[in-house]
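Take the given structure of chain A and dock chains B, C and D to it, following the hints.
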Amino acid sequence: MTGLAAAASQTSTGEAFQFWVLGTVAVIGALSTVLMKKAVHSALSLAGTMIVLAVFYLANGAYFLGVVQIVVYTGAIMMLFLFVVMLVGVTAADSLKETLKGQRWLAAGCGIGFGVLLIAGIGNASLNSFNGLGTANAEHGGNIEGLASLIFTKYVFAFEITGALLITATVGAMVLTHRERTERAKTQREMSEERVRGKQLPPLPAPGVYARHNAVDIPGLLPDGTPSELTVMQTLRNRGQIRDVSNESLDQLKALEQRSEERLGRDNEDEEVAK
Amino acid sequence: MNPVNYLYLAALLFTIGAAGVLIRRNAIVVFMCVELMLNACNLAFVTFSRMHGNLDGQIIAFFTMVVAAAEVVVGLAIIVSVFRSRHSASVDDASLMKL
Amino acid sequence: MSFPLLTATAALPAIGAIATAAVPAARRTTAKWLALLFSLATLVLAGIALARFEPGGARYQLTESHAWIKDFGVRYELGVDGIGLALMALTALLIPFVILAGWHDADPSPSSQLRSSRGGPNETKPYRWRPTQGFFALILMVEAMVILSFEATDVFLFYILFEAMLIPMYFLIGGFGDRAHTGSDENAAAQRSYAAVKFLLYNLVGGLIMLAAVIGLYVVAGTFSLSEIAEARASGSLSMATSTERWLFLGFFFAFAVKAPLWPLHTWLPNAMGEATSPVAVLITAVVDKVGTFAMLRFCLQLFPEASKWATPVIVVLALISIVYGALLAVGQRDIKRLIAYASISHFGFIVLGIFAMTSQGQSGATLYMVNHGISTAALMLVAGFLITRRGSRLIADYGGVQKVAPVLAGTFLIGGLATLSLPGLAPFVSEFLVLVGTFSAYPAAGIVATTGIVLAALYVLVLYQRTMTGPVKAEVQGMADLKVRELVVVLPLIALLLFLGVYPKPLTEIVNPAVQHTMSDVQKKDPQPEVEAAK
Amino acid sequence: MENLIALLVAAPLLGAAVLLCGGRRLDRAGHWVGTLLAAASFVIGVVLFLDMLGKGAEDRALHQKLFSWIPVEGFQADVAFQLDQLSMTFVLLITGVGTLIHIYSIGYMAHDERRRRFFGYLNLFLAAMLILVIADNYLLLYVGWEGVGLASYLLIGFWQHKPSAATAAKKAFLVNRVGDMGLSIAIMLMFTTFGTFAFGPVLGATGQTSEGKLTAIGLMLLLAACGKSAQVPLQSWLGDAMEGPTPVSALIHAATMVTAGVYLIVRSGAIFNAAPDAQLAVVVVGAVTLLFGAIVGCAKDDIKKALAGSTMSQIGYMILAAGLGPIGYVFAIMHLVTHGFFKAGLFLGAGSVMHGMNDEVDMRKFGGLRTYMPVTFITFGLGYLAIIGFPGLSGFFSKDKIIEAAFAKGGAEGWILGSVALLGAAITAFYMTRVMLLTFFGEKRWQPDAQGNEPHPHESPKSMTIPMIILAFGSVFAGGLFSIGDRFLNWLEPVTGHSHGHAPVSAATVTAATMVVLVIGVAIAWAMYGRKPVPVVAPRGSLLTRAARRDLLQDDFNHVVLVRGGEHLTRSLVYVDHTLVDGVVNGTAASMGGLSGRLRKLQNGYARSYAVSMFGGTAVVIAATLLMRAV
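Residue numbers (this note's numbering), protein chains in the order written: chain A, 887 to 1161; chain B, -1 to 97; chain C, 112 to 647; chain D, 13 to 643.
Okay, chain A solo, but in the shape it has when bound (with noise of 0.2 Å):
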């Protein structure tokens, strides 16, 4: 009897090789979940984590749990992950940099201690007697239907409600991510409509037409001669740094060019030399 006992607490070597090959990966693909930018990433190294554990479900015995957790996570949620993932953006890689002070470090501290503390009473726990699942599994044939029986006999309260809470959580995501349509579709014509109507078309008159030092903040004249603000760039305009090329201005200007050549007396020399 104790030699049983002693031989359920101990396992094969093989599951030990096992264990600790794939531990490590396992604890591996954890770690990269953590610490990948990338959340596919992250994801996809989850998935290895998972698939790992579903093994270790079936060294347990657990053979059904072992499939389940197979066809159920890395199967359907590790999708629906990477599903979510894509609408996000694969790109989007987010920065590992923490952004709240010293959360990190509460973080780390939080953690190892945490660890420590499970480790720890783990270890002083002292179980050693494992009486493995033959018995219990034989008891009605098999794994799976050891499960079947207590989940429709003993647990078939929680397991309807379990239901019950699919059922919910189908229809509260179907409600989050519905988006109701207000307004009725557009047509086609609407829609050129809208990209046309209220802009201008042909490309905006440049500026500069009467260059002082920069013709930039100068507007360009429209075919009648009146001044377009659109061809000042925005933030001129916004500025309201825009000059003014309205007539009198102009007549100063020429006034200007006028009292500059008398002074110089530059045209009619020219007159007498062309005599």
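If you're looking for bench data, these hints aren't it; they were derived computationally from the structure.
Idealized CB from N, CA, C, for every residue including glycine.
Be a bit skeptical, because a hint or two may be false.
Some chain B residues judged to face chain D by a derived CB distance under 7 Å, without partners named [to be verified]: (1) L20; (2) A68; (3) V72; (4) D90.
Same frame as chain A, but now just chains B, C and D:
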């Protein structure tokens, strides 16, 4: 080897997941970490059921999976709608719980 | 089961409050008249209670008792002895005058109307808010609670009222400020809310400590009923450890000392009285604060006689400090209402002194003092309020020569002042002299120190009168109107009462004396006998 | 008969009530109402007096108990009156002089639009004063005591628009309050000692208690007397009290109220007799004040203030006499009565002079008025002769008796007191002569006032002169009437008791000495003011003169020590209250606010930091459980 190691592993995974929840800002990744923690628990349950030699532990793990599935569905839906409203999936954007 | 007179006396104003609050916003005058009507009806009920009370009879009369919270043995127990009855009557008497004096204080002023029209639902309906209804409803609410607290003979019930009356007072102080403030409206509002919050916090802290003591008392005594505990103590079936009794006593006394207010816990009073409208100030000092001194007499002495005797020396010293200190600060004030507030602090010192002198003269004097101080302060404060509303300033320096312009106002003000300095022939003299004699026969030194109070009182009253009323007429005072009919209706009865109680206080003393004798027997004190039994 | 006693008080009280509450419609008739009710009270007094004369000396005292005033366990205060010879004397003096002064005031206040009020106050004063003198216990006496204080407050400050008047009124009331403090403490002592404060039991039981107690009571009573009778050190208010209308000065601050202190001491004779130390204190106070007032009187140029000084010193005489014990009680009262006559007369004369001189009070601006207002001159002159103790006039008899009694005290004490009294007599002669000369003799010194209207002195109307004449008669004959055949002595003895001290010198010598000093005083005054013309502006004068003009600096002392000190005290206390007492409170509030601000920072709203705290929390819980299991 003593199967207790499974428990140690579970503890380790759980802790890593928790740390991830605390460290990461991307809501999706946070969710993944949560899943990780759940799985760690499942592993522990399974190991326990093996330890005690009855299937209740596995049942619990089973239920956990189902609930986890439901949670993920709803949670991701929420994330999606949040992402729609404000174009980011970061849990730190706008500390909403502050007055 | 006879007609529950005491409950009715307290319930009537409460009903009145609800009715007044329910009056539609536009019909302000209706609300005023309604409030006045209810307060007068309460006065009538109080009068009936006075008539039904037999001075020679049982200690607590007109008692009612119903189970309330069975699990803690909390009962709805009412009953009045002479002291409670007198104060109840005082409250019921003063409220109509307060309401009448505050007739226009809560009319929406143009500025506040502006404020209302700004923002929120008021834009759509400009009269959604109704200050007038609220003002008078709150006053009636206070009346109800105060009256009930004078009647409560269950410690827990009393505690609840003691705390609850803070809330309407808080709104009265913070919500309806004195229009005559210096500086901007915002500034005044800030000061007002400061005063209100200070009032609330001070008293809440006191109440908190009292709550602890109340619970402690329940743990020790196993009941909240005053009469049961008193009997148990008297019969010796309930014996407290000395230290416990002292701690409990201190818990109660602290709360009452804040309410009373006793130095150095007094600083909330000047702010509150200065910022509130004068009727509310009267409500504070003449009605609400009396609950504190009353409770000292009823609860401290009755529940913890030994501890009271133990604490007497300290309390007597504090009371003396209050008397002199309050009077000196009153001399130093520049604001009329703050001056009256500090004068009240001095007077409360006298009351506490009389209570803890533990002589029958002292305690009867203290009880009379509560009543007389209520009346005299009401007279002085209300006239001061009329004066202030006329000139629109609370600063003494802004007045001068009023006596020439408004002789009747000045005359009533002078009589109020003379009552405050307890001139013989006016009611306060009787009580003050009783307190002094009672104190002197127990603690001669204290009596002599307290006597200096009468000189200081003369100083601040006469200085106030001289600066405001006499001298050449100031320009701003020119053409100040004399008292109107409404104001005369407020002031004259009070003055008549002052004169009557000053000349013939016997009706009051007859009611009070037996109660005082009971209290004296509670604390197992005998009056010190004169050394010569003179041939009488 | 007893029931009439209450009427004595009721009549003026009614008058006061009617006049003060009556409103303007009474303005025209007010003064008549007041005067009639005062007169009525006088008539009642006379009736009672005649009735009393009809009885034997021993059973003359009447009692009337109206109602029990403050009935409290072990404390009985009744509103009860007692009318014995002593009270009777005062009743007659008060109502008599009071009525005369009412009549006088009709003329004097004719041009004051608030005359009705004035009469109301006068009646109030009469009522209070009567309560004071006919009360049968100290508490009721205290009521009257404060009542007269109030009345004098109202009357001194009657012209309230003058700040000086208002201040003087306030000062008078405050100083009196200090005295009242003494009285109330005395009453408390009586209560603790005797268990009552009715005259009969207290004064009857003085034998049964320790002398120390009695001395304490006596000193407290003396304090009260000092306040009310303007004795050193509480005399400072009397001078300023002259701000009031002159009839007030005549009635309250010369004839009646200020003598209340004397009444109190004589009434409490039994206590003082049993407490020699207290008596000594009384005598000292009296002697000091006697000289003090006289000196002040010499220096004042304001006619009323000079008279006030003289009042002070005359009351000093009375207090001195009262302090002598049974030797002096009767003479104190006798001098009180005669003084009531001539001093009231003098004041009324002064008032009449002012009336004629546009309310000018500076004697240096009078001079040579005897031709302009003969009646005033004669009455005033008679009063003057009476006060300096001219042989045959009333002052002579009363003051002479006091000086004799002082000597009769015996021992060094007797010699000192006697000589002080003599010196006082000399100074009295001097300053009264000075007043007389400055006012009525010499050449006219008045000139136009600021408005430039020349005062043209004229005789006052009948309503004013007649009272003066009557009072003049009083001041001439009262003394003789009283002392011839020791009428007054026999009248009062049953109440106050009397004993002839062993006089070291014969009465004749004393009289002679008095005459001598009298002549000297008058002579000096004549030399200084009669022979050479008087400067209109007062010369700087000697140090003593200047000090005396300032009430011997006693006022300045009060101002510096009490007023300034008080102001500083209050100001600093206000500061303390605001910063210290209130500061503690506000400080607590502020620190609370700061703390909560700090804590608020923890709630930064980031889900993850909350998660950390949750996680840490779980860790802690687990650790705790493990520890529990480990332990």
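How the hints compare with the structure:
Among the interface hints, the one on L20/B holds; its C-beta lies about 5 Å from the nearest C-beta in chain D, closer than the 7 Å criterion. Taking 7 Å as the C-beta cut-off, the interface hint given for A68/B is violated, the closest approach to chain D being about 21 Å. Given hint, V72/B at the interface with chain D, is violated; its Cβ is 17 Å from that chain's nearest Cβ, farther than 7 Å. Checking D90/B against chain D by beta carbon gives a least distance of about 6 Å; that is within 7 Å, so the hint holds.
Of the hints listed earlier, those the structure fails to meet are numbers 2, 3, in rising order.
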